[in-house]
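All chains should be modelled from the sequences, with the hints used to inform the complete structure.
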Amino acid sequence: MTNILAPGAVERHLRARRDTGRGLLMPYVTGGVTPGWTRYLKAFVEAGADAIELGLPFSDPTLDGATIQQASDTALARGASTRRILADLAEVRDLGVPLVASTYYNLVLHDGPEAFCAALRRAGVSGLIVPDLPVHEADEMTDVAAAAGVELVLLASPATPRPRLEEISRRSRGFVYAVSLMGTTGERAALAASAAELTARIRRGTDRPVLLGFGISTPDQAREAGRYADGVVVGAAVMRRVLDGAGPDDLRAFLATLRRALDQE
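The sequence shown begins at 1 in the UniProt record's numbering and counts up one residue at a time.
Nothing false has been slipped in among the hints.
Here are the simulated distance ranges between beta carbons:
#1 A200 - G112: 34 to 40 Å
#2 A115 - G205: 28 to 34 Å
#3 S194 - E91: 37 to 43 Å
#4 G245 - L76: 15 to 21 Å
#5 G36 - D111: 23 to 29 Å
#6 G205 - D143: 17 to 23 Å
#7 R12 - E140: 21 to 27 Å
#8 N106 - R162: 26 to 32 Å
#9 A256 - S194: 27 to 33 Å
#10 E140 - T62: 20 to 26 Å
#11 D19 - H136: 29 to 35 Å
#12 R122 - A77: 24 to 30 Å
#13 A87 - A256: 26 to 32 Å
#14 E46 - R204: 33 to 39 Å
Derived from the structure by calculation, the hints contain no laboratory data.
It should be emphasised that the depicted structure is a prediction, and the values quoted were computed from it without experimental measurement.
Idealized CB from N, CA, C, for every residue including glycine.
See below:
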């Protein structure tokens with residue numbers, strides 16, 4: 001049995017865990033980055049992940065910093081493609097947490113939104129993040145994704161004006177992805193000062209879970225982020241370790257430190 005969850009499972013799952021007072025943890029992995037890359041998924045769950053973000057590599061990832069770009073290049077050089085990654089997922093047994101794919105709109109358009117979302121769903125993916133799809137152009141994608149049982153997550157940044165932020169908060173499904181700073185993904189020495197204000201602005205417009213990403217790399221940063229948002233997305237810090245040769249056990253140990261930090265908040 002693959003990780004196929006009922007439609008709407010991302011938001012229900014995250015809400016249920018959040019409402020117990022749990023800080024939410026969503027680590028990221030680039031699909032196809034190493035042989036046997038799906039072993040990382042189980043390690044993430046064992047470390048206490050509440051959802052997993054799966055990057056579908058793209059040749060021009062404009063929103064991503066050097067680490068995720070390198071991970072995407074590595075995966076593509078190994079012959080990774082959306083079809084091969086989803087085929088790998090088909091071999092994964094029930095993880096018990098939602099999988100949320102993230103990629104750029106070019107890959108969605110390659111097969112067409114209907115076929116793309118249907119393929120995600122068959123592989124057990126319940127959510128989708130398309131960072132270069134603006135909210136005012138997301139009507140078709142939102143409807144197509146919903147029809148396939150996939151929740152389209154929208155992003156908000158510190159520069160998002162109030163009317164658009166309200167629209168994003170209302171129309172996002174699964175959760176609202178709060179981008180902590182204006183810039184690309186990557187590890188940083190401190191959590192951006194704009195994170196607290198942005199999450200407060202989002203919360204005024206929705207009760208949907210809010211996950212904070214971009215630059216969260218350490219337990220202290222996760223703990224601080226947990227004071228503002230419902231949880232954190234951790235990508236570059238994970239992928240840097242993978243690129244440096246870390247195996248599933250290493251990633252399990254690292255994410256367990258973030259899990260403990262969120263639990264202490």
